[in-house]
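> Guided by the hints, dock chain B onto chain A, whose structure is given.
Read top to bottom, the protein sequences are chains A and B.
Note that the numbering used here has the first sequence beginning at 1, numbered continuously upward.
Note that the numbering used here has the second sequence beginning at 1001, numbered continuously upward.
Hints are supplied without guarantee of correctness; some may be wrong.
Claimed, not checked - Pairs of lysine-lysine residues, derived as BS3-like cross-links and limited to a Cα-Cα distance of at most 25 angstroms, are as follows:
| id | chain 1 | residue 1 | chain 2 | residue 2 |
| --- | --- | --- | --- | --- |
| 1 | B | 1015 | B | 1224 |
| 2 | A | 313 | A | 209 |
| 3 | A | 145 | B | 1279 |
| 4 | B | 1026 | A | 71 |
| 5 | B | 1026 | A | 107 |
| 6 | A | 105 | B | 1015 |
| 7 | A | 145 | B | 1040 |
| 8 | A | 105 | B | 1030 |
| 9 | A | 283 | A | 237 |
| 10 | B | 1015 | A | 107 |
| 11 | A | 105 | B | 1026 |
| 12 | B | 1026 | B | 1015 |
| 13 | A | 166 | B | 1279 |
| 14 | A | 107 | B | 1030 |
| 15 | B | 1279 | A | 6 |
| 16 | A | 6 | B | 1077 |
As the list claims (entries may be wrong) - Output of the computed footprint for chain A on chain B, the stretches with three or more beta carbons under 8 angstroms from beta carbons of chain A:
| id | segment |
| --- | --- |
| 17 | 1043-1056 |
| 18 | 1114-1125 |
Stated by the list, open to error - Some residues of chain B that are not near chain A, with every Cβ distance over 12 angstroms (derived):
| id | residue |
| --- | --- |
| 19 | 1072 |
| 20 | 1157 |
| 21 | 1171 |
| 22 | 1220 |
The hints are simulated quantities; they were obtained by calculation from the structure and are not laboratory data.
Since the model is a prediction, treat every value here as computed from it, not as a measurement.
Idealized CB from N, CA, C, for every residue including glycine.
If you want the building blocks of each chain, they are given just below.
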Amino acid sequence: MNSVIKVENLSKMYRLGLVGTRTIAEDLTRLWAKFTGKEDPYLKVGETNVRAVKGRSDFVWALKNVNFEVKDGERFGIIGKNGAGKSTLLKILSRVASPTTGHIKVKGRVASLLEVGTGFHPELTGRDNIFLNGSILGMSQDEIKSKFDSIVDFSGVERYIDTPVKRYSSGMYVRLAFAVAAHLEPEILIVDEVLAVGDAEFQKKCLGKMHDVSEKEGRTVIFVSHNLHAIKILCQKTVILNNGELFASGDTEEVLSMYHELNRDVKIGADTEVNNLNNRRGKGIIRFTSIDVMDYSGNSRYAFEYGEQVRFKVSYKTFKEMKGITLTIALMSGLSRECLTLSHFEITKHTVEAGTCGEAIVEFSDLNIKPGEYPLYFELTDSLYNSHSKDVIDDLTAPLIIKGGDKLKDSDFDPAKPSGFFSTPSKLILNELNENIIEVKNL
Amino acid sequence: MKKTQSESEWTLEIKPVSGWFNFHLKDVWKYRDLLFMFVKRDFVSVYKQTILGPFWFFLQPILTTITFTIVFGNIAKIPTDGIPPILFYMSGIVCWGYFSDCLTRTSSTFITNANIFGKVYFPRLVSPLSNIISLLMKFGIQMILLIGFLIYFKMNGSDVNPNIYILLTPYLILLMAGLGLGFGIIVSSLTTKYRDLTFLVSFGVQLLMYATPVIYPLSALPEKYKWIVLANPMTSIVDTFRFAFLGAGTFNAGNLLYTSVFVVIILSIGIIVFNRVEKTFMDTV
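The shape of chain A in the complex, shown without the other chains:
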């Protein structure tokens, strides 16, 4: 298959703060550099775009050396946190902004939907706005005329078609706007997070339409969203942008599992303040100091094949005397957040002194659960499950991801077999307790 979009070394620099001050001086500096054949001095001072960290320079790279290709007929997803550079990339792709360096090669007509209803005029009727919006998006009058009925039909606002759009509900407005866009016939369709509005039924319809556009008509779709579920069901290939750089690219499933690691960068340590995170309960008698998910050879990862062995390694530390320690590990449903399986492991029955450190590894030898995302729940309590002695890490780590591997057969999901809450074979394979290694202060 041929590439229809080729992004090469694409970078975009923005300056922060008040644009407009000192610009004449800078313009002159730039001109002088250009005149004397030097590199633009302001390109050198750019910093990586990390939103939360205060930088030294006013210039940041919203995108830096981004490379990827999109193949013909592919549904291509772009994900990333706020400020990762997604919108900048889309703006450059839709020719609204220009890159600072690098270039993009495109094959075919591009239509971009960075916003629904661009140019909608509130005073005009739905009918007029279909024509106006259609022309803004690059359709000819004849094209719109021939598709008019189909557009109205798709939007489901036929009754209001001769009413000014300012009288529309916001949902109707979006429906009409997306309906116009859905009837564009470009070779490449770029869609930004436009499905955020509109009800579930309409969102489904939009995703379906995008799917059809690619599947049946062979067009390329580039889709940006925070809705990972939407990306997952729609896109074959996905890239992750992080701080303006390409973090990962490849098949959607693999990339999504990496995205979780990127996104759940929460530090779980003994020093974490007791009431710092809502998700940490208990009175700080015992704390997890680290949690790791590993495969059988000890490599940390969160994505596993169906049926593969999974090991959880936890470290902890006590701050007060405790009557025994019990570790609980639970897998939750990615959608409903209900507990699917819960396993308790007794680490010790005896009283443990303050300042005890320990490490335990739990092995799930044959995790026969459906491919999907499973948020993890870890809990430490004393032998009596007293709530004041708890420490809980609830969905703060990356979720466990089970991919459909070779061992997967349809018969594994026999509807006759019990589903829902179930137990899986698991055992404690390491249990180390080292009392009084570290002095505990202030207790």
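Leaving out everything else, chain B in the frame of chain A:
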């Protein structure tokens, strides 16, 4: 060999801004439907929810003409070349009004359209072009008013002589539109970064009117200052317009030629600057 073949298939390359002379005039033609839709939008939306609708177009020149007739004709007693003051002022106001509307409307192109421009690509020139075309509508309605007055005064035996030069009207309109557009897009390009110019435009246009024979005939000017007024490209347009419809004043082909050359130059500069700015303005506006 195979590689070069596939390389040549790319239909579009998005590159950093470079060069001053890659226009998208072909693109503008491709988007002519959009141009038409913008004009329609302007026209339909302006008078939604008003009772008088397009009749407001009449009110503005009538009131201005009355004011000018009282202030400049009756109080300041500025001569009007023997033409009824109402016709004299109205002809000037209609012309000047079109030019100044074109200039002020197009000069804020980037700022008023930042929202659309930031979301969708189309040749940005479509936007100011649609402005000058929709303003033509207003101009046309005011022309009807002027012609109505003209007929009334002619019937009442005033000394007004419409002549063959009326055929020049489309050309004059073209010149005015070109001049307004040219200046307007230059200003709009510069204001994306430096907003100062917007202040200049609003009162600059008013002041410029006094350097144009709108409220006085060219013949009433002292020789000493004549060159200033003649250097103003609008002068020959207003003058020729008045000569064609009212038969007063002068027709000077040389002055009109000067204006034509001026328009071509200003429009070329405008398009060059505009094309350059349309690619970067999203970062600065």
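> Determine which of the earlier numbered hints do not hold for this structure and return their numbers in increasing order.
1, 2, 3, 4, 9, 13 and 16
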